[in-house]
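So the protein lines, in turn, are chains A and B. So the first sequence is numbered by this note's numbering: it starts at 1 and just counts up by one. So the second sequence is numbered by this note's numbering: it starts at 1001 and just counts up by one.
Treat the hints with care, since some could be wrong.
Said to hold, decoys possible - Straight-line alpha carbon distances no greater than 25 Å define the calculated BS3-like cross-link-like pairs of lysine-lysine that follow: (1) B:1082 / B:1023; (2) B:1083 / B:1023; (3) A:25 / B:1005; (4) A:25 / B:1083.
Hints are computed from structural coordinates only; laboratory data are not their basis.
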Amino acid sequence: MDYIAAFITGGLICVLGQILIDLTKMTPARILTSFVVAGVVLSALGLWQPIVDFAGAGALVPIIGFGHTLAKGIQEAVAKEGFIGIFTGGFTACAGGVCASLVFGFIAALLKKPNSRE
Amino acid sequence: MKINKKEYSYMVEQASPPSHLGKNCLWAFIIGGSICTLGEWLYKFYKNIGFIMSDARLMASISLVGLAAVLTGLGWYSRLAKKAGAGTLVPITGFANAVVSPAMEFRAEGLITGTGTKMFIIAGPVIVYGILASVVYGLILFFISPMGR
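Here chain A stands alone, though its shape is the one from the complex (with noise of 0.2 Å):
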């Protein structure tokens, strides 16, 4: 049941993203920009927290999930923090994708072989 409420929630998230493409010519770029800023809202707001209750993946892994991420690093940090948590909870709680996109790229760089073009 979990699996079928993620993979609707989460097909339909992905339809909204191609119909941006398909009928505005969004470029990739700022779909996910305006994904990620409209999941920040979404979760402040306190929409987006009974979505990933109901779906789950199907609500966390599209790139809204990132927002809604920030968003709730941001409440706990301050809570718990106060003032600093406003400059820390966003980069904290986004740490773990961003640090490993960035070094799975860097090995992918290395191991291509420098001036092969595809």
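Assemble chain B onto chain A, guided by the hints.
Same frame as chain A, but now just chain B:
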């Protein structure tokens, strides 16, 4: 022959096949849904082997990022993306692909000036505006909402 931008985009539109919104959406739904289902499976797997809930979510994300990096390195991710469109862009794997792909592509220009500079060419704005939005939310929490204190 000299053509301006407008004429060129008109020519491209004439030459490209009509877009199939319905078909594109179906592919985005299936592939995007599958990636999320895999994420849910990974989450359950990590939870079963003893990770606490939030760590299991993070491990699932890191695994998806790693998988996307391997597929990007092999050149398979872009092939999948041609069919799946937003189905491969919107999940976290799309973010990873946006980092790994330029990191490899600009390797030829050097590890620092190529890979290091271009790695976040697409992911950079995502982080910039995501963090900015979160700081705005933090300011609201701290100064307006009593819950933040």
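Hint check:
no. : hint            : result
1   : B:1082 / B:1023 : holds (12 Å)
2   : B:1083 / B:1023 : holds (10 Å)
3   : A:25 / B:1005   : holds (16 Å)
4   : A:25 / B:1083   : holds (17 Å)
Taken one by one, the earlier hints all hold for this structure without exception.
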